[in-house]
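**Q** Each residue of the sequence shown is one higher than the one before, starting from 1 at the first, in our numbering.
In short, the hints are calculated from the structure, not lab data.
Everything hinted at is true.
List of simulated lysine to any residue pairs, SDA-like, C-alpha gap at most 20 Å:
1) K93 to N108
2) K119 to T283
3) K43 to G359
4) K43 to A28
5) K43 to P5
6) K153 to T21
7) K179 to R246
Pairwise CB distance ranges (calculated):
8) L3 to P346: 25 to 35 Å
9) G42 to R400: 18 to 28 Å
10) R400 to D174: 32 to 42 Å
11) D388 to G129: 52 to 62 Å
12) H100 to D357: 39 to 49 Å
13) T381 to L324: 13 to 23 Å
14) D357 to L324: 11 to 21 Å
For clarity, every value in this text was computed on a predicted model and none was experimentally measured.
Built from N, CA and C at the ideal position, the CB exists for glycine as well.
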Amino acid sequence: MSLAPQYDAWADRFEAALMPTYGRPPVALARGEGCAVWDVDGKRYLDFIAGIAVSSLGHAHPALVEAVSRQVATIAHTSNLFLHQPEVLLAEKLLALLGHEGRVFFTNSGTEANEAAFKLVRRHAAGTGRGFVVAALDGFHGRTMGALALTGKAAIREPFAPFGVDVRFVPYGDAAALKEAVTDECAGLFLEPALGEGGVVPAPDGYLAAAREICDATGAVFVLDEIQSGIGRTGWWFAHARDDVRPDVLTLAKGLGGGLPIGACIGVGEFGTTFDKSEHGSTFGGNPVACAAALAVLETIERDDLLGNAATIGGELADGIATLSHPLLGGVRGRGLWLAAVLTQPRAAAVQAAAQDAGFLVNAVQPDAVRLAPPLVVTITEVQALLDAFPAILDAGLEREA
Numbered sequence: 001m002s003l004a005p006q007y008d009a010w011a012d013r014f015e016a017a018l019m020p021t022y023g024r025p026p027v028a029l030a031r032g033e034g035c036a037v038w039d040v041d042g043k044r045y046l047d048f049i050a051g052i053a054v055s056s057l058g059h060a061h062p063a064l065v066e067a068v069s070r071q072v073a074t075i076a077h078t079s080n081l082f083l084h085q086p087e088v089l090l091a092e093k094l095l096a097l098l099g100h101e102g103r104v105f106f107t108n109s110g111t112e113a114n115e116a117a118f119k120l121v122r123r124h125a126a127g128t129g130r131g132f133v134v135a136a137l138d139g140f141h142g143r144t145m146g147a148l149a150l151t152g153k154a155a156i157r158e159p160f161a162p163f164g165v166d167v168r169f170v171p172y173g174d175a176a177a178l179k180e181a182v183t184d185e186c187a188g189l190f191l192e193p194a195l196g197e198g199g200v201v202p203a204p205d206g207y208l209a210a211a212r213e214i215c216d217a218t219g220a221v222f223v224l225d226e227i228q229s230g231i232g233r234t235g236w237w238f239a240h241a242r243d244d245v246r247p248d249v250l251t252l253a254k255g256l257g258g259g260l261p262i263g264a265c266i267g268v269g270e271f272g273t274t275f276d277k278s279e280h281g282s283t284f285g286g287n288p289v290a291c292a293a294a295l296a297v298l299e300t301i302e303r304d305d306l307l308g309n310a311a312t313i314g315g316e317l318a319d320g321i322a323t324l325s326h327p328l329l330g331g332v333r334g335r336g337l338w339l340a341a342v343l344t345q346p347r348a349a350a351v352q353a354a355a356q357d358a359g360f361l362v363n364a365v366q367p368d369a370v371r372l373a374p375p376l377v378v379t380i381t382e383v384q385a386l387l388d389a390f391p392a393i394l395d396a397g398l399e400r401e402a
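Generate the whole structure from the sequences, applying the supplied hints.
**A** Below you can see the structure in the form of C-alpha cells.
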C-alpha cells in the first residue's frame, strides 16, 4: 500500500491531463501558511524555494489575502483600454524605489518582461545599423522565442533554433570579453546581476560597473534582468543597487506579485518613451488584482523591514552552511535569501530528494548546486531547522541513487 495515496492519485491524473513539460512533480501541495506548506497527504515541509523566489511574503500572508480579496471584489479586470488606480500606484512606487525617472510596462511574467525589453532594444536600434545583442553564457531570460534566444543555455535554446536574431554569448563575469563583444554595432546587452538558473552565481565586483561603462562608450542599451534577484531577494530592493549602477532597462517579475502573476519592464530615462502608442501591448498585463498584490508585497516589505531580514537571516543561513564540514559540501554562494549550496559532486537531485524526505523543499538548480530561496519572512528558527538537518540530508544525498 502506498504511503502517499493522495499524491499517487493526483500525480496520475496530472500526467494524463497536462503536457509532459514538467515530468511527474515529486510533491502535490495542498496549502501553505508562512514558510510551511502541506501536501495532499498531510505531510508538512519548510519551503526553502518559495515557488522559485516568488512567494516573497510566504503563503497566505494576511496583507496579500486582504489586498487580493478587496481588489477582486472591486474590479478584477479592465484590459489596457482603460486605466485603473492600482497600476498607476504600482508604477509610481517602482520608479520611486528605483530612484530614476522612467516609465513602466506591466506584463504577466518574467519572460514577457524580457520580450518587451528585447523589443524595446530593437525599436531603439531601428535605422542605426546596430544588428546584434550580447548576452551571457549560462544566463536565463525565459522560454518564449525572443527571451529564449537570449538564454545562454544550449540545452534549452538549441532545440528551438533558429530564432532569426543575432545573439552573441560571452562568459559571465568576464569584463574583457564584454568589451570585445559589445561594439558600436551592438544594439543591447542583457545581463543578470547574478546568474539565477545558472546556479546563483553573483557577478564579480566591478563587473556590472564595467558593463555600464562599455554600454556608455558604445551606445548599446544596458538591460538588467532582475526577475529573480529583484524585490528584496538579496537584501536590496534591486540587486544592482549594491553595485551602484544604472540600467537603461530593468525587468522584474517573480517576487513582485508574491504569488500572483505579474512582471514589469522599466525603461529608465529616455528608454521609458522608446515605444510609441500601439507598439506593444498586453490584455492581462497590469491586471488590477496582480497590481494590488504587488502593492501589498512592497508595502509589507517596507513596513516589516524584510530587506533587513533578508540580509540578516540570509547571512545566518550562508554562514551556517559555510561552517558545515561534509565531503559533499563545497561551499555556499549568493547574497541575502538567494543562495546556492555548492556540492563537490553532481548530486543535487539526490540532495533535493533527501531534503524532501526530511521535510524541506529545496531546488537542484544545477547538477552541483542546490538553490535556497525561502520567503523573505523566514525566521532564524526555520533556518536553524534546515541547518540542523543538512548534514543528514547530505549523507542521504551521497547514499541515494543519483
